[in-house]
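Please build the complete structure, drawing on both the sequences and the hints.
Chains as they are written, first to last, in this note's numbering: chain A, 57 to 210; chain B, 770 to 1031.
Incorrect hints may have been included.
[Said to hold, decoys possible] Computed cross-link-like contacts, DSS-like style, restricted to lysine-lysine with a CA-CA straight-line distance of at most 25 Å: (1) K111/A - K139/A; (2) K175/A - K139/A; (3) K111/A - K808/B; (4) K908/B - K853/B; (5) K853/B - K789/B; (6) K987/B - K936/B; (7) K111/A - K824/B; (8) K808/B - K86/A; (9) K86/A - K175/A.
[Claimed, not checked] Not everything, but these chain B residues come out facing chain A in the computed CB check (under 8 Å): (10) P805; (11) K808; (12) L811; (13) S815; (14) H869.
Bear in mind the hints are in silico, worked out from the structure with no lab data behind them. Glycine included, every Cβ here is placed at the ideal spot set by N, Cα and C.
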Amino acid sequence: MPAISMTVNGQAVCGDVEGRTLLVEFIREKLGLTGTHVGCDTSQCGACVVLVNGKAVKSCTALAIAHDGAAVTTVEGLAQDGKMHPMQEAFRDNHGLQCGFCTPGMVIASIDMVNRLGKNLSEDTIRHELEGNICRCTGYHNIVAAVKAGAANM
Amino acid sequence: MDNFNYHRPASVDDAVKAAKAKPEAKYMSGGMTLIPAMKQGLASPSDIIDLGALKNSGISAGATLVIKAGTTHAEVANSADVRKAIPALAALAGGIGDPHVRHKGTIGGSVANNDPAADYPSACLGLGATIHTNARTIKAADFFTGMFSTALQDGEVITAIEFPIPKKAGYAKFPNPASRYAMVGVFAADTADGPRVAVTGAGAGVFRASTLETALGKGFASASLAGASVPAKDLNSDLHASSEYRAHLITVMAKRAVDAAK
Chain A
57 MPAISMTVNG QAVCGDVEGR TLLVEFIREK LGLTGTHVGC DTSQCGACVV LVNGKAVKSC
117 TALAIAHDGA AVTTVEGLAQ DGKMHPMQEA FRDNHGLQCG FCTPGMVIAS IDMVNRLGKN
177 LSEDTIRHEL EGNICRCTGY HNIVAAVKAG AANM
Chain B
770 MDNFNYHRPA SVDDAVKAAK AKPEAKYMSG GMTLIPAMKQ GLASPSDIID LGALKNSGIS
830 AGATLVIKAG TTHAEVANSA DVRKAIPALA ALAGGIGDPH VRHKGTIGGS VANNDPAADY
890 PSACLGLGAT IHTNARTIKA ADFFTGMFST ALQDGEVITA IEFPIPKKAG YAKFPNPASR
950 YAMVGVFAAD TADGPRVAVT GAGAGVFRAS TLETALGKGF ASASLAGASV PAKDLNSDLH
1010 ASSEYRAHLI TVMAKRAVDA AK
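Below is the structure:
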């Protein structure tokens, strides 16, 4: 099996993979970082979203081997010195989650949104930009409020 | 997903060589369609030839707009050159899938796959684009040959898509709310050769709506489409929409595309 290496949450990691090993499988099963979730496994729900070289991608629809050398950020890499990332904090403050399954993807996608579009996001923009992230609990209302607040604090 | 051998060639020549050596090989660009298809067992190539290391992305605007095959949907959507030359193309790219899909999916991959509900084929046909490959150039009218099929030969790889710049153009789609693919998408362009209307999502593959083009001959305005229609015969009919509903949507989306044209 080919060996790959990448930087995940700032740490150099390596492991053997098959061609078909998905990036999310590498992250969850090889690295034990189970914060990144697999929801639909059909590229629609966004629970598996991680940052790859700074851009949000669906890690269930990416081959690990194609990401040899990449820099990956998962939800575990967001908190610094025991302090939650402003977007995580905003999801807590605004009750932007219920069961929490979609939350890692929501938080990463929201950070990507701010990185691309800035801190001042309208409700319309947030709703449109969350098209790739599905939540089956909240009805999105508090997620949108959380993204708006988190963006302002980033 | 069945396992496969993975190749990551650094040049187009090496990619073609690798593909020709393995009859069951498949090229992968962004993988946004191929990986889901492989997971479902709809594709099980012996070898994946990843085009990611070719670094074949970029956009150049001149008398025509040339977009290299590995350019992502996000790059097309955000390109100042595309927004200036063919704003409808930037808008189309910005409506494919979702932000995460747009970070990975590429124009070359979408065009080569020719999904009957994909967005880009309608822009290629609607604008009369030319598909550049490692071996030749192919007119869009000759390129899309049916459902998931194209004029590409075994091992042939798209290198760029060249778009003539229209007087104005617009794109409107009625997306399937789950997949974001077009139930019906219409690309309408006012070109030097007259109006062109290309439809995706409604049939077995992208096609030009001649009745709507004739109607727009009276003037490139949505009012010209009043009373115009496309026959429902041969259109797709499935749990999402009947062929009659899709036929209706074609005229509605065509009007919106013309109204949005700039």
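Hint by hint, here is what the structure shows:
no.: 1; hint: K111/A - K139/A; verdict: holds, 23 Å
no.: 2; hint: K175/A - K139/A; verdict: holds, 20 Å
no.: 3; hint: K111/A - K808/B; verdict: holds, 23 Å
no.: 4; hint: K908/B - K853/B; verdict: holds, 24 Å
no.: 5; hint: K853/B - K789/B; verdict: violated, 39 Å
no.: 6; hint: K987/B - K936/B; verdict: holds, 16 Å
no.: 7; hint: K111/A - K824/B; verdict: holds, 17 Å
no.: 8; hint: K808/B - K86/A; verdict: holds, 20 Å
no.: 9; hint: K86/A - K175/A; verdict: violated, 35 Å
no.: 10; hint: P805; verdict: holds, 5 Å
no.: 11; hint: K808; verdict: holds, 7 Å
no.: 12; hint: L811; verdict: violated, 12 Å
no.: 13; hint: S815; verdict: violated, 10 Å
no.: 14; hint: H869; verdict: holds, 5 Å
Violated hints, listed in ascending order, are 5, 9, 12 and 13; each of the other numbered hints is respected by the structure.
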